[in-house]
Structures are given as C-alpha cells and as structure tokens.
Amino acid sequence: MTKLAPVRTPALLALFSHLCALMACWLLLFASARLLGVQVTLLVASLIQGLLAALIGQRLGLSGWWWPINLGFFPGLVLMQNYALPPWVPLIGFVVLLLLNWNALVERVPLYLTGPAAERVLAERLARLGDGFRFVDLGCGVGGSLLRLARAYPTASFVGVETAPLSFLICWLRCLPRRNCSVRMRSLWREPLGRYDAVYCFLSPAPMPRLWEKARIEMRPGALLISNSFEVPGVPAEEVLPVDDLRRSRLLIWRPGHAAAPDGPGANG
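So the sequence shown is numbered by the working numbering: it starts at -10 and just counts up by one.
Heads up, a few of these hints could be off.
[Said to hold, decoys possible] Label-pair restraints from in silico Cβ distances:
#1 E227 / T30: 25 to 33 angstroms
#2 W178 / W56: 22 to 30 angstroms
#3 G183 / M12: 48 to 56 angstroms
#4 R184 / R117: 15 to 23 angstroms
#5 V224 / G61: 32 to 40 angstroms
#6 V229 / A116: 12 to 20 angstroms
#7 A141 / V224: 27 to 35 angstroms
#8 L40 / P194: 19 to 27 angstroms
#9 V27 / Q47: 24 to 32 angstroms
Worth flagging that the hints you see were computed from the coordinates, not collected in a lab.
We put the beta carbon where it would ideally sit given N, CA and C, even for glycine.
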C-alpha cells in the first residue's frame, strides 16, 4: 500500500508564517532603530509583518488565496483598533471565512471558484455527452458554475457536493428554483461516483491520488473524470483542454473505468 505524505494543515502553516514574520519584523525594526535611528508607525510595522508573513507562507507552500489573508491580517487589526470597531467585528469576519473555507482546514482543499473561461470550456466538453447526462461537482462551493451549467443543459442532472457550512447553505438556496440541480452536504469521499457520466473537481494537489483510486474503483467505463488544473501524479490525462485565462488553466480529463466506451449516458448502460 502506498504511504501518503504527512498532512500539513494550512492554518498551522499560516500561523507559523506569522510567528516567523513577527520575529523577523521585530529584529528588522530593532536594528533600524538602533543603527539608523529610523522609527516607524505601528501601521507601517504591521504592513512589513504582513508582507513577510505572505512571503514566508508562499515559500512554505500555502495556496495563492492565503496571500491576501496573510498580508492583511495584522494591518487589519491595527486599522480596526484605530477606528475603535467593536471586538465582535473581526470575530464575525473570521467565522464567515471559516465557514466558507472549512475544507481548507480539514482536507487541504481551499475554496477555488471556476472562472468564466474554464466554465465555457467545461460546458463545451459536456455538450459532447448527449442529452440526459449526469454530472457531479465535487466541492461545488457556492454553486455558481453548477447553476449556470444546469441552466445550459436543462435535460441533464446536476449534483453538487459540499461540506463547508456557509458555502453549502448559499448553494442550497440558489439550487431551490432549479429542478435539475441539487446539492448535498457530504464529503466527496462518501459520494458514490458510479451513477455519474461526468465527475468534475477543482480541488488541490493533495487529494488527487486518493480521488483517482476512488474514481478508478467506482466510475463506470467511459465516464469522465475532469479536473481543473490539478493532475493525478503519474497518470497522464487522456484529454487536455487549455483555458484562455490569466492562470493558464487546463481541464484534465481521464476515463478511470477499466474499459473506455463512447461518450453519452446510453453508452454506460
């Protein structure tokens, strides 16, 4: 059995980045004051600390969405102190971020949103499946792409899977008016994949090996596993669809079933 790499919790890496940045910032300001006679305001010091924390976090492998959080955390605290905001304001902000990004803490899967260009390429590829296909978005977030795809293909069936509480609630409310779209508050590891013709995910590198094994066991021949940007280590994609966006994204497509079959629900039995 293949050994998995040790889990590195992003929240702990972010905390470690801030601790290192605090120490480095204190040493830098202390040396500047003693040697050069330069003193800075608390806001400038917090900006220096935030920049160092963001750089350290990036070097430690934190995803890009952590950059503005690390950069703005301490400056935000200083600004709130200056404006005498009540203490529950940052607490509410933290709770909202936590409820939206719960998966980043427990499964190293941050809240990535499918961009418009990637969504167009995905919609064009789904058109080749024929009428009545079944689609699941593993980690659908707030459901924007899921709903737009459901509107584009009214005869198909769309399911979202999400465990971040606030993201799930927003997606559930948005899905209510659509009969061909639903969302489940369920871990992607508990969602059976054998019922779907297309399985879409925009996760992170961490869960891709385990997802591949799950898909290889559960998915039917000919069904598509579509990953936005993230590869399965050691398994070349059967199709690579480039996306014209700033991140130079790609849609990577595999057929994990044991035998390939023609596209379309009818081909899968």
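Taking the hints in turn, this is what the structure says about them:
For E227 paired with T30, a C-beta distance near 57 angstroms fails the hint of 25 to 33 angstroms. Between W178 and W56 the Cβ separation comes to about 29 angstroms, which falls inside the hinted range of 22 to 30 angstroms. Between G183 and M12 the Cβ separation comes to about 52 angstroms, which falls inside the hinted range of 48 to 56 angstroms. The hinted window of 15 to 23 angstroms between R184 and R117 holds, with their beta carbons roughly 20 angstroms apart.
Take V224 and G61: their Cβ atoms lie about 38 angstroms apart, and the range 32 to 40 angstroms holds. Remark: the range hint 12 to 20 angstroms for V229 to A116 is upheld by a beta-carbon distance near 18 angstroms. Between A141 and V224 the beta carbon distance is about 29 angstroms. The supplied range of 27 to 35 angstroms therefore holds. Checking the proposed 19 to 27 angstroms range against L40 and P194 shows it holds: the Cβ atoms sit about 26 angstroms from each other.
Roughly 27 angstroms separates the CB atoms of V27 and Q47, a value that falls within the hinted 24 to 32 angstroms.
In terms of the numbered hints stated before, the structure departs from hint 1 and from no other.
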